[in-house]
Structure formats: C-alpha cells, structure tokens
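Trainee: Since each chain comes alone in its own frame, lean on the hints to assemble the complex.
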Amino acid sequence: MKTITFDKDSAMFVASAFGKKIDSEGYLIEADTGERVVTREGQEVKAKKFGGVIKGSELYINNDIASLIKLSDTLKQRKG
Amino acid sequence: MGAFDKLKSLLKITGIDISKLENISLVKDAKDISLIKVDKRKVTINLNSPDLDKQTGKQLKQVINEALNLDAMPVLRDEVEEEVKLISKSGGTPTDEFFKDKISNTDLLILRTAEYINEVYKTDKGKGARLKSELVSRYGERARNITNLCAEGYFEEYFIPLYKALANRPDFNPDEFKDTFNFIVDTTPFTVFLSNSMSEDVAIEAIKDKLARCQRYGMKQLNIHGIGEENLNKIDNILENEEVKSGFDASPTVTKKGNVVHVKIFVK
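Protein chains in written order, with this note's numbering: chain A, 53 to 132; chain B, 194 to 461.
Excised from the complex, chain B in its bound form (with noise of 0.2 Å):
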C-alpha cells in the first residue's frame, strides 16, 4: 500500500482517484481550520486543524516516514520543490558539459549554479542577486569571481578556446589547464582578457581601468590572458603604449604557449 493509500485510510479521505495524485501538501493555516482539501493532484493537510488529535498526528508522520523510506518519495519544503522545477526547466548547457572532469567538481557545481542565476538574473534581479549573495555565502570570493567570468561570457569566449588551444600540442597535461583556470579565476577582478573583437584602443582602455584599480586595492600586479596571433601582436602594441607603460614599474613578463599568451604587469 503507497502512501497516498494509506493517507486516505488513515484521515478518511473519499471522493479522489488515487491514481492521480501527485502531491501531499502539509501546511499549518491559521485561518481555515479544515483539515483536508482535495483537489484533482493534491490533497493539503492542515497541521494546525483541531481535527487532527495526536493519535493521528503520530501515525500521520509514520506515513511521511514511510513516504520516503518506502516509496522513495521525497519529502521537500514547497519552495524547494518549486525551485527544482524552475531548474529542470533550466537545464545543462554545452558549456558546462564541457567543463566535466576539466574543472573540480566544486568549481563544476559553481558555474552551473552561476548559469541559472545569470538566467533567472533577466527576468528578477532581485531573485538573482539573492542567489548569488547565497552562492557567494558558501563558497566564498571563488564563486563570485566564477559567476561574474560566466556572465560576462568568459567560459565560452575564453576558457574553452583556451583549453582546446592548449590540448592541441602534443605535450599537453590537463592540469596545466586546471593550473591556468585556478589562477585566473582567484585573480579575476585584476585581470583583462583580450578578445579578437575587442580593438587595441578599448583594449588599453580596460586595461587603463584595471590598472586604477589594482592602484586603488595595493594590488602589485596586473594580469593579461589572450589566446590567437590577432591577440599576440595586439599585446606587442598594448605594451609599447604610452599611458600604459606609465602604470607599470618593471618590464613586464610575457609567457607565450603556441598562440597562448599570459601577461604580467608589476603596477607601480
């Protein structure tokens, strides 16, 4: 006998067909002192009714007990249960499928916590700064700088082209990857990342940005990633920039991998 059968036994339920319920609602009203309601798919169970006496209080929790042990059904606080639909509904992306077994699995857990916060984001910014302020309570700096990397389109624009530059040479290892990843994300808020769309004057003006505010936090250094030979040169002419080279103290260090180049700039 299922729950939802042993729930009709036990508070006497007539009138339903069984087979098409869905939902146990158990709520405490105030106001409405009846203890069930029925509808097609639910049948709500008000706590605070005077109907319900102890006895079948007690054989009441049996039931939910039983619920979940028994019958595998879980047992979820509404919100929960309204919030994973609006999940599923959500769903995986190519993105974050690609990233399985590249990033931890802590790392993974963030970025696709931080596509369905930039989704909710569009339609409730008040939702969306909620969750990620949550986000941010658990796991800290790292996931604040995931979140902002995955809504600025960093993951798709960045880091994927990154890895399949790197994988393409022959003494690839997947934790220079990792290695690189971890970096950047700890020190995302100082670090520009050069896109093929983006002109060698706008260029220097993000970078004119981050260096202020490197200026601003004490922060020593300046980091600057870029993937492709468009890139590369553009880097050459950054450095020799005028206004730029005023923000650094020492010759900065480049790091070229193939067409991957790694930047830092030691901000004065």
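Chain A extracted, bound-state conformation (with noise of 0.2 Å):
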C-alpha cells in the first residue's frame, strides 16, 4: 500500500494541506470555520494526537491504540 508519512514536527504542514489549523486549545480545526475536527466517532483531534487522514472523504485519526486497530481493520478491507 501506498502512502505518505509525516513526522511529529511536519504535522501541522500536513493539517494544513487539508485546510485544518490549531485553535488555542490544541486542537485541529478548520481554518475556514474554525470548527473542531472531529473523528468518525466524534472525538475532537489533538494536533499533539493527530495520526493522520484517510479517504472517507476525509476521516481524521487520532493517534490512540483503539483507533489504530480501527484503523488497521479499514485499511485491510480497503486492500480487499
């Protein structure tokens, strides 16, 4: 699978190619509306927390384990 990773330092960069920045709180909003982003779940992103996007159109990750294992099963059905 193809992808594109970030480190801690370069995330902010990324959050921005998709129109996202931090609010006072620490946590990613949209630049436009200044709303919080949030996970499928509903959670609100940390940028500290942030683990990256996938497609769905965008869903957002947080860097928590259960998340991840989320994460791990969505991509393996996406490889098919």
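Keep in mind that the hints were calculated from the coordinates and are not lab data.
Just so it is clear, the structure is predicted and the values come from calculations on it, not from any experiment.
Yeah, the Cβ is synthetic: ideal placement off N, Cα and C, and Gly gets one too.
Don't take each hint at face value.
Claimed, not checked - Computed footprint of chain A on chain B, listed as stretches where at least three residues anywhere in the stretch have a Cβ under 8 Å from a Cβ of chain A: (1) 219 to 232; (2) 254 to 268; (3) 298 to 309.
Mentor: Structure (structure tokens):
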C-alpha cells in the first residue's frame, strides 16, 4: 500500500494541506470556520494526537491504540 | 498523473523508478539541509530545507491533498504507520471472531485491542502498560476490566463456554448472555471464576482473597461464577467451608440455570 507519512514536527504542515489549523486549546480546527475537527467516532483531535487522514471523505485519525486497531481493519478491508 | 509522478515533476526528482516507490516521507530535519533523499522505495522531503520555497511548499500541500482525495493514499503519522503494520501482522483471533454480534461493538473493539496489548506485553512490558493506559483513558474502568479478563484467559475459559451453555437452551435469548456479560465485566474486581482445573482448596483461597478485597473497598457483594456439574458441586462444598462462611452476612443467593451457576455472597 502506497502511503504518505509525516514526522511529529511536520504534522501541522500536513494538517494545513487539508485546510486545518490549531485553536488556542491545541485542537485541530477548520481554518475557515473554526469548527473543531472530529473523528468518525465523534472525538475531537488534539494536534499532538493527530495520527493522520484517510479517504472517506476525509477521516481523521487520533493516535491512540483503539483508533489504530480500527484503522488497521479499515485499511485491510480496502486492500480487499 | 499519480501523487508520486506529480511530486517527481514538482521537485524535479531524477534517477528513480516511480513504479517502485511506496512512500513519501515528510520530515523536519534541522541538521541535514538537503531537500530530497531518495532510496528505492521511499522519497524523503525535508520541510526545513532552505531549498523549499513558499510557492513549492504550497504546491507540495496540493500534491498531498490530491494524493488523499484523488488517489485515496493514506496520509499517516510515521509512528501510526509503524503501529498499524504491527497490528496487521498480529491479526484477529478466533476469540474476537466468536464475540462478533454477541457483545457491543465498543466492547468488541476493546477486546480486540486488549488482545493486541497482551501480545505486546509479552515482549515489551513498558509499551504494553502504556497502551493499556491509553485504552483505559479512552473507555474507562470497563476497558481495564475487559483487558484483565482477556489477559487471564476468561474469554476462552468462561465466556465462550457460558455462551454455548446458554445457547443450548431452547428458551435462549441472546440478551441474556449480554446482560450476564455486562454484569461480570462491571463487577470483575469482585468476582471469582471457578474453572474445572481449579481444586476446591485453590477456589477457597481465591474466594477468601476476594472477600478480603471486598471488605477493604467496602464492597458488600462478591460474585462467584461457574459452569458444569463439577463446579456446581464445588460451589456447594465451598459455601459450607467455615472460613468462607465467616466472611458473609446472610445466606448467599445461588442462581442455577442448567449447568451455569451464579452466586452472590453478601459480604460482612
């Protein structure tokens, strides 16, 4: 599977590629509306826990183990 | 034109076979100022490089955005990609397959995560403890209880046999299993499971330990669960044991359904 990966310090560069920035409390927000970004499960995404994005339309990933177990399943299903 | 081709064109990368590339890695390296590093399967782009001007940076963001939205390429934190690879290698188990549609989706996710954590714990206790803490932080004490039950083998040794024992009955209602499961998970720290391999003496010691725990924490109820004729008989003998009897207030409540027994002991 082809991927784009980023290190901790590049996280905000990547987030801004999708029109996101950080609010005063360290959460990812939409740059135009200020609305907080949420994962598929409705969790807000703290910048330091920003694990990435996958298609669907844009699914944001929190970097915690339960989210990664789910992500692994999703990517497996997509591989087919 | 795919993301890798666009990148090759944008950054004027030469001498690589795009078809063999698997990863674009974005880093901020303060020590090495070169913009691009290429190996057979990976292109590393240093966002700290003075060779990355504003305009190119903007176009690079567009490539990343299109890689996701047009090519469906995942854009992941490096450590996330690593962990997902490890998770994929470990795979699911027959146990969590068994519990699909039998417990809630959240509990199933917790169970699958607990199985992975227990695997990790075998080779890296520090990482195992950190992942467990993350899981508990997200899902609370229920996650701790499920992880502990999983680590101690109770899903295979108790919950699967319990489900099968209940499902064999003609009046079986799947909610009955869910209710029992929820009750046991919620009261795990104050529960004793009797297994066939557990002698009466060992069972009595386990119950005495949990009675002491109940008294320490002010819990007024200890639960005992068992399946099978052998354990049913064991329980009758255990409840007659003087040391065990000295720990309870009133007569225990014993509920038998077929060959499944639940006992509630009212702690002094």
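Trainee: If a hint holds in the structure, say so; if it doesn't, say that too.
Mentor: Hints, verified against the model:
For the stretch 219 to 232 of chain B, the stated coverage by chain A is satisfied: 3 residues place a CB nearer than 8 Å to a CB of that chain, which reaches the threshold of 3. For the stretch 254 to 268 of chain B, the assignment as covered by chain A holds, since 12 residues bring a beta-carbon within under 8 Å of that chain's beta-carbons and 3 suffice. With 5 residues bearing a CB less than 8 Å from a CB of chain A, the stretch 298 to 309 of chain B meets the requirement of three and the coverage assertion stands.
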